[in-house]
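In case you want the letters, here they are:
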Amino acid sequence: MSHILVSPLNWGLGHATRDIPIIKNLLDHNHEVTIAASGNARSVLEQEFPECRCIEFPDYPVPYSQSRFFLPKFVAFFPLILKALSDERKNLDLILAKDCYDLIISDNRLGVYSSEIPSVFITHQLHYHLPPVFWPAELIAVAMNGLVHEKYRSIIVPDNPPGSTSLAGKLSRPGSEASKKRVYFSGVLTSTHKRDGKEDLDYLVMISGPEPQRTRLEKILLPQVNTIEGGRVILLGSPGNHALQKQSDMCRVIPYASTRDKENLMNRAKFIICRSGYTSMMEIAELGKRHALLIPTPGQTEQEYLSWYYEKKCWFHSQSQYRLDLLVDIQIAQEPGYTGFPDVQKTEENVKRLYDQVLAQYIDR
Amino acid sequence: MDDLVVTGAFGLIGFYLAVILLLFAIYSVARLVYNSLISGNFELALGSTIVILVAGSLYLAIGCWLHKTDWI
Chain A
1 MSHILVSPLN WGLGHATRDI PIIKNLLDHN HEVTIAASGN ARSVLEQEFP
51 ECRCIEFPDY PVPYSQSRFF LPKFVAFFPL ILKALSDERK NLDLILAKDC
101 YDLIISDNRL GVYSSEIPSV FITHQLHYHL PPVFWPAELI AVAMNGLVHE
151 KYRSIIVPDN PPGSTSLAGK LSRPGSEASK KRVYFSGVLT STHKRDGKED
201 LDYLVMISGP EPQRTRLEKI LLPQVNTIEG GRVILLGSPG NHALQKQSDM
251 CRVIPYASTR DKENLMNRAK FIICRSGYTS MMEIAELGKR HALLIPTPGQ
301 TEQEYLSWYY EKKCWFHSQS QYRLDLLVDI QIAQEPGYTG FPDVQKTEEN
351 VKRLYDQVLA QYIDR
Chain B
1001 MDDLVVTGAF GLIGFYLAVI LLLFAIYSVA RLVYNSLISG NFELALGSTI
1051 VILVAGSLYL AIGCWLHKTD WI
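Order-wise, the sequence lines are chains A and B. So the first sequence is numbered by the working numbering: it starts at 1 and just counts up by one. So the second sequence is numbered by the working numbering: it starts at 1001 and just counts up by one.
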């Protein structure tokens, strides 16, 4: 039995939830797992794995912007992120001094690695997307990514290899030699499972993501949702907002749903309206949903790129929240030209393969 | 101090210096063109404008090429 430290980033829940199948698989192999995280990421994993020890391990400040201009704020945040990275390295030393670990799994936490303990890094962004005019910065970011990846034995990318079935497009394309040498494409990793049952819900609207853009989207979408016909459920992704709970025969507004309830609703949905975050995209791919309308978070270059990429591949229709006309955009998204994602291997097989081909070499010795 | 943090700090300083240099260059060129127009030196103004346009086009062309060849 080996002891593994798993540490996801707490920028949204996506990092923590995609680690759930990996942690489950490690526990199935009778390994001991310690979770080092903070905030909601820690809460989710604590709930999911009460048998695992959890350590409070703060990460980086979140530079989300109120306006469309995410990039300047992100750049202004660099010194704070660097300070947080320095603290993260010091805190990791304290964690590693207290216990013995055989493997470290870092989900997008740049400073969680050790030169003495095999360390692997999970990311779907080997390549950052920036507006075309900033191409020199994009090249520098590729080189910087390579410097980070050198610290790890393997880089696990939850996507198919580059090519026609890649869900992250250029984001998961390795740029530097260091990344190319270490990269392993695991295929999608998500805690959402496909369930047998009827698709009896016409529309599922998921209003999620970082504030304040989540609230903005809520204000844009809620009035328009009443104009569409059919059964619809709106998930607000806002745990504190209980006053908003509404119920009618055809429309339900749910302030916050547990991961299980959300999985159930996603399975039942014929059509999904959501942000184009990569975690949601992996869920849609896992469930094999063919019809969705994607609304990127303004200023988040990753989501904006994915929206553009899916539109180009004719997989899903995307629309900016500022130009959204729900009736029209749903009609466009349902046109036969949009095929949905190609069939992908499911998480269950992917996680087994990941264990056998990557993780086992460090812990089954 | 950790080498990743040190590299990051140097990278950050380099990045901010590059931004300051770029802003200074834009300011200097704009001042040069403005002064040459004010003083009636239209050849210098035209020459500077052509150099700016060529440099800008080259920058965009390199960006397009990198994009087409999947470098970015």
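There's no promise every hint is true.
As the list claims (entries may be wrong) - Straight line, CA to CA, 20 angstroms or less: simulated EDC-like cross-link-like pairs of lysine to aspartate or glutamate: (1) Lys151/A <-> Asp1002/B; (2) Lys313/A <-> Asp1002/B; (3) Lys1068/B <-> Glu304/A; (4) Lys1068/B <-> Glu311/A; (5) Lys180/A <-> Asp1070/B; (6) Lys270/A <-> Asp329/A; (7) Lys83/A <-> Asp1070/B; (8) Lys194/A <-> Glu349/A; (9) Lys90/A <-> Asp1070/B; (10) Lys170/A <-> Asp1070/B.
To be verified - Derived list of chain B stretches under chain A, where covered just means 3 residues or more per stretch with a C-beta under 8 angstroms from a C-beta of chain A: (11) 1010–1020; (12) 1065–1072.
Derived by calculation from the structure, the hints in this document are not laboratory data. Nothing here was measured: the structure is a model prediction, and the numbers come from that model. Don't be surprised by glycine CBs; every beta carbon is placed ideally from N, CA and C.
Cross-check of the supplied hints:
Annotation: proposed proximity of Lys151/A to Asp1002/B holds, straight-line Cα distance about 12 angstroms (limit 20 angstroms). Among the hinted pairs, Lys313/A with Asp1002/B is inconsistent with the structure: their alpha-carbon atoms are about 42 angstroms apart, more than 20 angstroms. Taken as a hint, the Lys1068/B and Glu304/A pair is honoured in the structure, with Cα atoms around 19 angstroms apart against an allowance of 20 angstroms. Under the criterion of a C-alpha separation no larger than 20 angstroms, the hint pairing Lys1068/B with Glu311/A is consistent with the structure, at around 18 angstroms.
As the CA atoms of Lys180/A and Asp1070/B are separated by approximately 15 angstroms, the hinted pair is consistent with the 20 angstroms bound. Restraint check for Lys270/A and Asp329/A: satisfied, since their Cα atoms lie roughly 15 angstroms apart, inside the 20 angstroms limit. Taking the CA atoms of Lys83/A and Asp1070/B, the gap is about 33 angstroms. The hint is violated against a cut of 20 angstroms. For the given pair, Lys194/A sits about 13 angstroms from Glu349/A by alpha-carbon distance, which is consistent with the 20 angstroms threshold.
For the given pair, Lys90/A sits about 38 angstroms from Asp1070/B by alpha-carbon distance, which is inconsistent with the 20 angstroms threshold. Our distance criterion of 20 angstroms between C-alpha atoms is met by Lys170/A and Asp1070/B, whose separation comes to about 8 angstroms. Coverage of the stretch 1010–1020 of chain B by chain A holds in this model, with 3 residues showing a Cβ closer than 8 angstroms to a Cβ of that chain against a need of three. With 5 residues having a beta carbon nearer than 8 angstroms to a beta carbon of chain A, the stretch 1065–1072 of chain B meets the requirement of three or more and the stated coverage holds.
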